[in-house]
Amino acid sequence: MNPLARRRIGRIALNAAGVAVFLFAVFPVYWMVATAFKPNDQIFTTSFIPFPSPPSMDHVQRVFTKGVGELPIWQYLLNSAIVALSAVVLGAVFALLAATAVARFRFRFRTSFLILLLIVQMVPAEALLIPLFTMVKRIGLYDQLLGLIVINVGLTLPFSVWMLRTFVVAVPKELEEAAWIDGAGRFTTFWRVLFPLVAPGLVATSIFAFITTWNEFVFALTLISDQGKYTMPVALKFFVGQRSTDWGGIMAASTLMTIPVLVFFLLVQRRMVSGLVAGAVKG
Amino acid sequence: MTQTSTLARGGADTSAPSRRGRKRTRGSGLSPKAVPYALLLPGFLVIAVLLLYPMYQMIEMSFHKVGLRQIKAVNPAPADFVGLDNYESVLGSPLFWSSLRNTVVFALVTVALTLVLGTLVGLLLDKLGPKMSTFVVVGIMAAWATPPTAQAIVWKWLFDSDAGVVNWLLNLLPDGLSRLLFGRSDWSGQPWFNDTSTLYLVLIVAVVWASFPFVAVSVLAGLKSIPSELYEAAKMDGSSAARTFRRITFPLLKPVFSVLVVLSIIWDFKVFTQLYLLAGGTTNRDAFNLSLWSYAEAFGGSSPKLGLGAAIAVVLTVILLLITLVYVRQIVKTEDDIR
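Protein chains in written order, with the working numbering: chain A, 2 to 284; chain B, 42 to 380.
Accuracy of the hints is not assured; some may be wrong.
Distance condition first, Cα-Cα at most 20 Å in a straight line; then the derived SDA-like pairs of lysine to any residue [as the list claims (entries may be wrong)]:
#1 A:Lys67 with A:Lys230
#2 B:Lys74 with A:Phe106
#3 B:Lys168 with B:Ile267
#4 A:Lys138 with B:Pro117
#5 A:Lys138 with B:Pro345
#6 B:Lys168 with A:Leu15
#7 A:Lys174 with A:Leu203
#8 B:Lys265 with A:Leu15
#9 B:Lys172 with A:Ile13
#10 B:Lys113 with A:Leu142
#11 B:Lys168 with B:Ser266
#12 B:Lys168 with A:Ile10
#13 B:Lys295 with B:Ala275
#14 B:Lys106 with B:Phe137
#15 A:Lys230 with A:Lys174
#16 B:Lys168 with A:Gly11
#17 B:Lys168 with A:Arg9
#18 A:Lys138 with B:Tyr97
#19 A:Lys138 with B:Ile267
#20 A:Lys174 with B:Pro73
#21 A:Lys138 with B:Gln98
#22 A:Lys230 with A:Phe106
#23 B:Lys172 with A:Ala17
#24 B:Lys74 with A:Glu178
Label pairs and their computed distance ranges (CB to CB) [said to hold, decoys possible]:
#25 B:Arg284 with A:Arg8: 15 to 25 Å
#26 A:Arg8 with B:Arg220: 46 to 56 Å
#27 A:Pro201 with B:Lys374: 45 to 55 Å
#28 A:Ile116 with B:Leu82: 14 to 24 Å
#29 A:Phe188 with B:Leu271: 45 to 55 Å
#30 B:Leu164 with A:Ala179: 39 to 49 Å
#31 B:Arg142 with A:Glu175: 27 to 37 Å
#32 B:Leu125 with A:Gly242: 35 to 45 Å
#33 A:Asp227 with B:Arg220: 48 to 58 Å
#34 A:Phe45 with B:Ala282: 41 to 51 Å
#35 B:Tyr272 with A:Pro173: 28 to 38 Å
#36 A:Arg12 with B:Trp138: 49 to 59 Å
Don't read these hints as lab results, they were simulated from the structure.
Remember, it's a predicted structure, so these values are computed and weren't measured experimentally.
All C-beta atoms in this analysis are idealised placements derived from N, C-alpha and C, irrespective of residue type, glycine included.
Chain B with its partners taken away, still in its complex shape (with noise of 0.2 Å):
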């Protein structure tokens, strides 16, 4: 055996009693290959605990009536098997449908306006002066940092009815343009917060704005990565912005707005913090959304369906489950360091 070998595997393994002296001395006691198990054991068990064994529970809950009486701390009652009948309920509940409605057109239309601006806001700032570029970077991490419970508060500030900024803009349009557009002109004391469609508008304008940050300045490192001989090449050869976008850009963004795409679209499809400060909590169940109906299914009545609001959780999740595969294939595909 050689000296580099027995180094190797970490000093175990050794035959000469010299070798065995200096062994002890930075002995851990871990043969070298139960290392990496024990590096990692305490990790894998708080994952094991806290996300895989709940996920287990939230699908076997699904199939069980839960109530006040199955999770009492002391002698809880045992939890009756009712099949499918969750399941039944939730497909059956016209708030599914109106809650999968809200979800996935709130998702659609947030995740097209984020994309669009936050990769406009990008190239803007590529090709914006070193100056003015850092200064607007540092304006949009305002947006982003903002905590989601503050936004939302700020948000429903700036639409307020009587004193909010968004009513006194609205107001400054001219009386014509105005009554062009929206069939109005006067503004004042207009509720935003009462109606399912303008609630949901407010929330696409709050969620809007605290994520287009991130697609920016991801699309930035992005176009920060390309080469820019393939530019001067391609005004070499005389080709158009647009020609340069479409076949250059777009190709080599291709795996980052793939990512962004999947990654937004799970982030909007389980929006909660902000829906819940600005539908005022589990009151207006025509503006649910899957999240915040299984959270209301679950705690919000005096009667808590924990079952039902599982149920509607394990939807939710197989839904987001399907979408994450596609990312979870990118990432697998992109970074050589996971295999």
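In isolation and in its complexed conformation, chain A is listed as follows (with noise of 0.2 Å):
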């Protein structure tokens, strides 16, 4: 064969691994939204039928109006994007602080706080779930979002602090420096100079602890009974339980809590493998 060939056909191998991998990838997510909207008579079946045809709009319908238990999904959106929003928001100032702290100053504990960071990153959330569950008991927040949203601040703040870390330090120092020369005080630097430059780090920040808030299913699985304050992953987990067998439905609700998360991600996907490498890469 001849070297020309043999190069082509290399390349059609590579390109049909791509396509293989893709279709890996992509099929159970494909799956369940094409389950989501098939009407029941293409669901349960033993045969394989690759598209919903015609497409049913009825699960989708069904989550909205009679809903997961007596609730509509509504409701459990909302409780998701409350906790999320405001853990995120929380956690945000906390870790611009922090973040600014540690790129900006030296000082003696700082690479104390530095490990500590990654060490706490590193303890199995389901260890301080036990010593959590009596905490808040106590504290009278079980059964209360707020009790959510102050554990999903904890929870996430390490990380976020580490990934705000680097945007705070690829600013340059000499901005702030310039503008404290020409008089401004530390809180007029760090608001109109420091904080515009970080802005997009810490979008990027706030993006994963909104992800990793939106996901969490331990915390909200124990410290809420009342079915009313249930978020998505906890009421999808009560839906299959309850209607094991109706797949359209819970399809349609995994749809649901899937997409805000898939844009999501798609946005931050660069930032997220550098923040997790964490400089291992370094040329």
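Hints given; two lone chains; assemble the complex.
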């Protein structure tokens, strides 16, 4: 075989492998969405029906009107959104202050604090579950969204500080020094100079915190028993347990839960990698 | 005292009255030395109250008998100190060995598969043209982004005994081949979730599916950071593809791999959400891993044993922290900025 033909076959094989990886990754997600739009007779069949034909809105409509349990799915989406957004806003303030401290100042416990950040990220959340459960019970935050908000701030903060730190470091210090020389105070320098430049990083960090909180399952499962306060992951679990055969409805609810994460994810995927591998990739 | 040193120290400790006036207009009332601590304080308090103190409490609880009466909101009974009793019942329980086996075997298999598949896909992405590469990256993002709850539910549906796609696919295999490989040809109605081994098989597939994209994208990022001159030089010297990988790619990506290995081990050791949903809660004790067992003892039954659950969590945390130390050392070594 001549080298040109061999190279062409090699390229075709590579592209075929690429398509195979794509299909393996995407098919389960596609199947979730497709099932959500299939009428029941196309769901409960032993044959393979690749597309919903014709697509049916029955399941989506049902989870919105009749709902999951007694409540429309709006309720759970709303609870999830309240918890995630509040935790993100609170967490962003703490993270920005702490990240500025470790990125802009040299002080005695700086290294210790950074190592602490790494270690606490590794502690399994399930291990904190038992003591936090008793703490939340004792201070009367059991069955309250506020309890979940506070805990999610704690769970996401170490990674947020770790990630945001690199964004603060990237802003040239000279800009702040110039503002300082021009007579700006500490707060003005921070608010008018540093903050606008760090804002994109803050957005990316907040999106990660949002995704983590939106997906959080085990604390929401343990700290909430009132159905009206379920977040989406717990509502889904409840749905599966209660009507395990309503696959159309379950898939419609899963799709609704996945959409916001998917959108956010595509926005920030690049930074996720650099944040997690944290400097290991360095030429 | 010179002008610059005054500026560097934030305008404090000035002697000239004219400067004192300016200091008042921008004063934050803090000495420059205290500023970083003031910035750090709120975040540190959150971490201390929500992460460090509970860690201490977890250890303390593991030496006590803690049940419903001890966690009442009003007027709780004091917990009895039981010494190492909880640890003795953990280590003496047959559930300990089955949970440990499930945890370790699952983690080893999943980490190995995730890393191999992820690395291969990373290398593939590097070889593909820009359009095809973007196409595949967007595709694998979909798997990565799916929330763990939805992951478990979707795979439960794909492996459904009656209408699942997997059984349909297995039925497509030629009967002879299927019998040769699995000893059977008819897969209709095959239940995947009754037996612990097949349940874990599905769990492995689901977790590998969701976690290989991260490895692939990280490996791709690492490959992009290797200067192309190295490859050109290797090519000029007539190095084979395998030798180039062994001598150039792998050594340069070693820090990436060590971080990926440790992160994957940590994530897979404590898998909870997907297992909880695939196993259908805490009824199937044979399917417990350490996380699920700890949860089941503390919250699963009508008489919660929080002390015992805490002891299991301590065992899991100790294992994880030992693995974590490797990771922390790696990070401290590679991040110059941390010192």
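Are there hints from earlier that the structure breaks, and if so, what are their numbers? 15, 19, 22, 26, 27 and 31
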